[in-house]
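Asker: Order-wise, the sequence lines are chains B and E. Heads up, the first sequence is in numbering that gives the first Met the number 0, so the first residue is 0 and it goes up one at a time. Heads up, the second sequence is in numbering that gives the first Met the number 0, so the first residue is 0 and it goes up one at a time.
If you are wondering where the hints come from, they were derived from the structure by calculation, not from laboratory data. Be a bit skeptical, because a hint or two may be false.
Partial selection, computed: residues in chain E whose CB lies under 8 Å from chain B [stated by the list, open to error]:
#1 G37
#2 A38
#3 Y41
#4 I46
#5 V48
#6 A88
#7 G91
#8 D98
#9 R134
#10 L136
Backbone N, C-alpha and C fix where the C-beta goes; we use that ideal spot for every residue, glycine too.
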Amino acid sequence: MIDSKKMRTPLKNVRHLGSAKEGTDHFWRQRMTAVALLILAPLFVALVVAMIGADYGEVRRALAHPIVAIPMILFVGTGLIHMRLGMQTIIEDYVHSEGRKVLCLMLNSAFVILMGVVAVYALMKIAFIDT
Amino acid sequence: MAQADSGPNADARPLSPHLQIYSPLINMMMSIIHRITGAALYFGTVIMVCWLLAVATGRGNYELFTSLLKTPVGLAVMVGYTWALIHHALGGIRHLIWDTGRGFALGMVNAMSWLTILGSLTITGGIWAYIFKLRGLL
Chain B
0 MIDSKKMRTP LKNVRHLGSA KEGTDHFWRQ RMTAVALLIL APLFVALVVA MIGADYGEVR
60 RALAHPIVAI PMILFVGTGL IHMRLGMQTI IEDYVHSEGR KVLCLMLNSA FVILMGVVAV
120 YALMKIAFID T
Chain E
0 MAQADSGPNA DARPLSPHLQ IYSPLINMMM SIIHRITGAA LYFGTVIMVC WLLAVATGRG
60 NYELFTSLLK TPVGLAVMVG YTWALIHHAL GGIRHLIWDT GRGFALGMVN AMSWLTILGS
120 LTITGGIWAY IFKLRGLL
């Protein structure tokens, strides 16, 4: 329906989930992870600062403790979701050729998954396998 | 550039001004730096993952990793990483405030932009002053 107060036609309005078929999902997840990271990132910085000068055994014991390991997994996971969304935006802004754009988006996902798997593997090994 | 503007009156048509036309403003600089720090943090993840992997794979790897961090280049990268993380976090807070529809008055935009850069430099300086003091280097 055309609103007489506006110059817009109904075509201007987004219907359902829009052309990308995901509505405001990208925007919303970016914000949700941003808020979570405002809590998790300072914890990570505090951990790193606390680990400076510690010897290998101390660092390993700290990272093996659930009170450190669980927030670390949350930080890695949340950070990776956040940065995948951010890099997706950068790629969509600057890479215009469709083929190269799709390739970059695939590499973006692959990089984030690889980082996540390696980080969680390392944290699991530290937490569950004694040396 | 401007391939679509090859018609008869191409030169007479106004073009929207692009980045190089504007004089640098603080909010625009903060917008650019927010994206650059975000991209830097993206690749900086490799350092964090290497740290976790070094701890997981044994004392030798961990000591090799920390010895690399203690070189001047390693230290510069760590200071840069700290600043990028804090700057991006403060910029993120600014964006979250804007998301609520607040803070769009010009004075407020400029004040929040200046607070982002001054805040990130202050907090980064504070953290590293604390680290150097802890290590007896200050």
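Asker: None of the hints should be skipped; say for each whether it holds.
Answerer: For each hint, the structure was consulted:
A distance limit of 8 Å between C-beta atoms decides the matter here; for G37(E) the minimum to chain B is near 5 Å, and the interface restraint holds. Contact between A38(E) and chain B, as hinted, is supported at the beta carbon level, the nearest pair being about 6 Å apart and thus within 8 Å. Hint status for Y41(E): holds, given a least beta-carbon distance of 5 Å to chain B, under 8 Å. Hint on I46(E) is violated. Least Cβ distance to chain B is approximately 11 Å, over the 8 Å limit.
A least Cβ separation of about 5 Å between V48(E) and chain B falls short of the 8 Å threshold, and the interface hint therefore holds. For A88(E), the shortest C-beta to C-beta distance to chain B is roughly 6 Å, which falls under 8 Å, so the interface hint holds. Taking 8 Å as the C-beta contact cut-off toward chain B, the hint placing G91(E) at the interface holds, the least distance being around 5 Å. Residue-level restraint check for D98(E) holds (minimum Cβ-Cβ distance to chain B is 7 Å; threshold 8 Å).
This hint holds: R134(E) has a C-beta 6 Å from the nearest C-beta of chain B, less than the 8 Å allowed. Checking L136(E) against chain B: minimum C-beta separation of about 11 Å lies over 8 Å; hint violated.
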